[in-house]
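*Asks:* Spelled out, the chains give:
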Amino acid sequence: MSNRKWTVGLSAIFLVFCYFLVQFLSSTITIERLVQQMQQSKADNRNVKHVVLISQELDNPYWRTMQKGAEEAAAKMGMEIEYTGPIRINPAEQLKLLEKSIAARPDALLVQGVKDRQYDVLIGQAIDEGIKVITVDTDSPDSRRLAYVGTDNREAGRRMGELVAGDSSWKGSIGVIIGSELAENQLQRLEGFRSVIDKTAGFQIVDVRSSNISRFQAAGQTEAMLSQYPGIRTIVGFSAWDAVGAVEGMKAKNRADIRVFGFDDLGETRQAIAGGAIMASVVQQPSEIGYSSVSLLHQYFNGGSSPAKQYTATEILDASRLKPGEVHR
Amino acid sequence: MNIRRMLFIFIPALVILNNSIAFFIFQSGRTVQMSYNVALERVLLYKQIAGQTEGNLRALNLYLTDRSQSRHSEYLRQRDILSGLRGSLSAQETIQATGGAVRNYRNMIDTFIAQEEAVLRAVASQSSLSYVALYEEAEKTAGFIQEEGHQLVDTELSFYQPFYRQILVHTDVMNKWGVAIYILNTLLSVAFAYWISLGISRPIKQLVQAAKKISYGNLQAAPPRIGAHNEFGILSEAFGRMQDNLKELIARDKESLEKDRLVKELELKALQNQMNPHFLFNTLNVLSKLALLEGAEKTSDLTVSMSNLLRYNLRKLDRPVTLRDEVNHAKEYFVIQQARFNDRIRFVTEIDEAALNVHVPTLTLQPILENAFVHGIEGKEEGAVIRLTIERLQDTVRVAISDNGFGMSEEVRESLLRFDAEPVFMQDRGQSTGLGTRNVFKRLELFYGRRDLVEIDSKPGRGTTVIMRIPCTGKEGGDVSDTDRG
Numbered sequence: 001m002s003n004r005k006w007t008v009g010l011s012a013i014f015l016v017f018c019y020f021l022v023q024f025l026s027s028t029i030t031i032e033r034l035v036q037q038m039q040q041s042k043a044d045n046r047n048v049k050h051v052v053l054i055s056q057e058l059d060n061p062y063w064r065t066m067q068k069g070a071e072e073a074a075a076k077m078g079m080e081i082e083y084t085g086p087i088r089i090n091p092a093e094q095l096k097l098l099e100k101s102i103a104a105r106p107d108a109l110l111v112q113g114v115k116d117r118q119y120d121v122l123i124g125q126a127i128d129e130g131i132k133v134i135t136v137d138t139d140s141p142d143s144r145r146l147a148y149v150g151t152d153n154r155e156a157g158r159r160m161g162e163l164v165a166g167d168s169s170w171k172g173s174i175g176v177i178i179g180s181e182l183a184e185n186q187l188q189r190l191e192g193f194r195s196v197i198d199k200t201a202g203f204q205i206v207d208v209r210s211s212n213i214s215r216f217q218a219a220g221q222t223e224a225m226l227s228q229y230p231g232i233r234t235i236v237g238f239s240a241w242d243a244v245g246a247v248e249g250m251k252a253k254n255r256a257d258i259r260v261f262g263f264d265d266l267g268e269t270r271q272a273i274a275g276g277a278i279m280a281s282v283v284q285q286p287s288e289i290g291y292s293s294v295s296l297l298h299q300y301f302n303g304g305s306s307p308a309k310q311y312t313a314t315e316i317l318d319a320s321r322l323k324p325g326e327v328h329r
Numbered sequence: 001m002n003i004r005r006m007l008f009i010f011i012p013a014l015v016i017l018n019n020s021i022a023f024f025i026f027q028s029g030r031t032v033q034m035s036y037n038v039a040l041e042r043v044l045l046y047k048q049i050a051g052q053t054e055g056n057l058r059a060l061n062l063y064l065t066d067r068s069q070s071r072h073s074e075y076l077r078q079r080d081i082l083s084g085l086r087g088s089l090s091a092q093e094t095i096q097a098t099g100g101a102v103r104n105y106r107n108m109i110d111t112f113i114a115q116e117e118a119v120l121r122a123v124a125s126q127s128s129l130s131y132v133a134l135y136e137e138a139e140k141t142a143g144f145i146q147e148e149g150h151q152l153v154d155t156e157l158s159f160y161q162p163f164y165r166q167i168l169v170h171t172d173v174m175n176k177w178g179v180a181i182y183i184l185n186t187l188l189s190v191a192f193a194y195w196i197s198l199g200i201s202r203p204i205k206q207l208v209q210a211a212k213k214i215s216y217g218n219l220q221a222a223p224p225r226i227g228a229h230n231e232f233g234i235l236s237e238a239f240g241r242m243q244d245n246l247k248e249l250i251a252r253d254k255e256s257l258e259k260d261r262l263v264k265e266l267e268l269k270a271l272q273n274q275m276n277p278h279f280l281f282n283t284l285n286v287l288s289k290l291a292l293l294e295g296a297e298k299t300s301d302l303t304v305s306m307s308n309l310l311r312y313n314l315r316k317l318d319r320p321v322t323l324r325d326e327v328n329h330a331k332e333y334f335v336i337q338q339a340r341f342n343d344r345i346r347f348v349t350e351i352d353e354a355a356l357n358v359h360v361p362t363l364t365l366q367p368i369l370e371n372a373f374v375h376g377i378e379g380k381e382e383g384a385v386i387r388l389t390i391e392r393l394q395d396t397v398r399v400a401i402s403d404n405g406f407g408m409s410e411e412v413r414e415s416l417l418r419f420d421a422e423p424v425f426m427q428d429r430g431q432s433t434g435l436g437t438r439n440v441f442k443r444l445e446l447f448y449g450r451r452d453l454v455e456i457d458s459k460p461g462r463g464t465t466v467i468m469r470i471p472c473t474g475k476e477g478g479d480v481s482d483t484d485r486g
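Order-wise, the sequence lines are chains A and B. Sequential numbering from 1 applies to the first sequence in the working numbering. Sequential numbering from 1 applies to the second sequence in the working numbering.
In case anyone wonders, no lab produced these hints; they're calculated from the structure. Honestly, I wouldn't trust all of these hints.
Here are the computed lysine-lysine pairs in the BS3-like style, where the Cα-Cα straight-line distance is at most 27 angstroms [stated by the list, open to error]:
1) Lys140(B) <-> Lys96(A)
2) Lys140(B) <-> Lys115(A)
3) Lys96(A) <-> Lys49(A)
Some residues of chain A that are not near chain B, with every Cβ distance over 12 angstroms (derived) [stated by the list, open to error]:
4) Gly9
5) Ser26
6) Asp116
7) Ser169
Derived contacts from chain B toward chain A, CB cut-off under 10 angstroms, selection only [stated by the list, open to error]:
8) Gly100
9) Tyr105
10) Arg106
11) Gln115
12) Leu157
13) His170
14) Thr171
15) Met174
16) Leu184
17) Asn404
18) Phe406
Heads up, the beta-carbon is just placed ideally off N, CA and C, and yes, glycines get one too.
Construct the complete structure from the given sequences, taking the supplied hints into account.
*Replies:* Here it is as structure tokens:
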């Protein structure tokens, strides 16, 4: 009987032992699986064309949308998009990123045109190294870039001008906020805008301020502008955050008798249009810019040639064209 | 299962279990190790490349400062190291997250090396200071390489971070269970070993205890009960059987001793019963006196002889007498027989006086003489001779009683000598034979503890000689007088 006790006891210990072993084993297996996962995620894409997209601002929704469009096209055409950019708008940083990208010898570069001599030199250097360079969003016509893909900014400015001057009941002073005085696209828009306003009697631009593509700076500049020119009846923002910032600035000044026009279709802009605070917005198609530029690169890689400029369309977004369900995108 | 096989299976099993546990734990440790190696190798390479780029640039700078051959070769050495590292970078597999970055890194190194070569070319051409701008470019690229290297390490580490976090958690769990397994494994092994040793030592202890009890004389001690079908089971069974056999043997021995005792008693009683009772002796005494009174002296003498014969017969049978007494008794017996047979019979004695002091059992000679009369002489009309020869040999006294009668068949002779066996009855004479003779032989055997004392020499028609060899060592007691007379 004692023997039986022994057998039972030993079996019990053995069962517990087995349980421990299973526990141990499960941990080991989990670790092994993790190690396998670590090893499985190896990259093997040597033959994929490598395209670097240097944005103006890394997490800007406009640039992110462009990235998406570009990636969509890249996925179709067997390319790989590396998206980079300064965290805050910083032309110097953008320049450095370009230099760095050239050193890394990608197959192609998608860059924003910057009104800077050195920038143009770098683009030329890249072309010398055999890197295809396309400017997006903003052109840099003095450089040796292969092509420009993006909005025709003068045309967009003109459309904005027609939009503002279309209603003669709002004749009077116009305050303009632009993203940056260095940014070619902003200046071109302003130029196009000015060409329409100057031809229209009763409208005049009294002030142009730079927001540095910041909502808070736009609000601050609006406040300052309204203090300086209380007679302003229309505010036009040429970069994405300008109109939204202007609305905030007006609120701070307790002004509600001013029309606001903006650019692009941020969620906040759409809400403001739906709420009536912003009259309308000229909307660019960043996704299309991204997509078209990659398609163009594809043509270049395959030996084709294309026009040096490829404009993407703009749309006017106002309360009438805003579908209720589309306020939040 | 027998013990040998059991040990042969269990001990290696235990060793294998322990070793496989150790190996298993070791293997798991290696898996964890491997997980670290996966990332570490690459991260180290990135770092090394970044450092080497710096060193390369410094070597180039030093060369540019003094343009010596040794500096140049030092630079070339540095550049070759960098090229080698770049080669191992290409050979290195990369993860998805850093695939592009690694390619950039590689290309940057190529750019850097190309730029350095451009610098050297510019220096060689001696044309201008154009190498300065080129050097600055290379410097810038080196800066990018540093930066990209850091970036890569960061990316790599942040990619692995969630994995490592999980691995750490699981490693903790694993370690905990691992320790538990070690402890339990030790416990299990000890218990197992103890169990096995118990299976061997316990039966041995039981057997030892039982053997001890038996050696102290306790035959009734229960044999150990070992149910197992191994060597111990067989041993305990054999032990039990041996014990049973021993008991049986002892019992049989006791029984046979008892039987012997009974037989002896019975035989003595029977012998005594064969002798005449006192009544006859007393009557004979009266007859002798009466014969004397009536003047029949011969009758009186015969009667006295008869009386003496009877008295001798009635004495205690378990007490030894001297051979002399026996011879006297035999003579008395002969006198009586002579009265019966007259001249038909002659009694011849050749006696060595020196041999007569030897001790013999009572009634040794007379039954044999009687036998000689009855079976050897009785039917003979005349010339019958019975001879009693006693001579002293070296350490025995040879007593021979011979007749010249009918003799006996070999069968009878042998049956007489087989005095252990049941007496054989001679059917043709209707008279028991050999009982007295056999009794004598048997008593001689019991008295001396030897069987080879008696010899019978006989052939049908040629007479019979019975020879007894009485050992005289230690049995010689000088002249023993008849103390029991009357």
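*Asks:* Check the non-interface label on Asp116(A): least C-beta distance to chain B beyond 12 angstroms or not.
*Replies:* Given that every Cβ of chain B is farther than 12 angstroms from that of Asp116(A), nearest at about 17 angstroms, it holds.
*Asks:* Can the restraint linking Lys96(A) and Lys49(A) be considered satisfied, given a maximum Cα separation of 27 angstroms?
*Replies:* holds, 22 angstroms
*Asks:* At a threshold of 10 angstroms, is the proposed contact between Phe406(B) and chain A supported by beta-carbon distances?
*Replies:* violated, 82 angstroms
*Asks:* Grab the minimum C-beta distance from Thr171(B) to chain A and call the hint holds if it beats 10 angstroms, violated otherwise.
*Replies:* Holds. Min distance 7 angstroms.
*Asks:* Should the hint that Leu157(B) touches chain A count as held when the rule is a Cβ pair under 10 angstroms?
*Replies:* Result: violated, 12 angstroms to nearest chain A Cβ.
*Asks:* Take the shortest C-beta to C-beta distance between Arg106(B) and chain A; is it under 10 angstroms?
*Replies:* holds, 9 angstroms
*Asks:* Could you check if Gln115(B) really has its C-beta closer than 10 angstroms to a C-beta on chain A?
*Replies:* With a minimum Cβ separation of about 9 angstroms from chain A (threshold 10 angstroms), the hint on Gln115(B) holds.
*Asks:* Close enough to count: is the Cβ of Tyr105(B) nearer than 10 angstroms to one in chain A?
*Replies:* At 7 angstroms from the nearest chain A Cβ, Tyr105(B) passes the 10 angstroms test, so the hint holds.
*Asks:* Holds or violated: Lys140(B) and Lys96(A), Cα atoms, limit 27 angstroms.
*Replies:* With Cα atoms ~10 angstroms apart, Lys140(B) and Lys96(A) stay inside 27 angstroms; holds.
*Asks:* Should the interface hint for Gly100(B) be scored as holding, given a Cβ-Cβ cut-off of 10 angstroms against chain A?
*Replies:* Holds, about 5 angstroms.
*Asks:* Double-check Met174(B) for me: the hint is only fine if its C-beta lies closer than 10 angstroms to a C-beta in chain A.
*Replies:* For Met174(B), the interface hint holds, since the closest Cβ of chain A sits about 4 angstroms away, which is under 10 angstroms.
*Asks:* Over 12 angstroms to the closest beta carbon of chain B is the bar; see if Gly9(A) clears it.
*Replies:* violated, 7 angstroms
Violated hints, in rising order: 4, 5, 12, 17, 18; the structure is consistent with all others.
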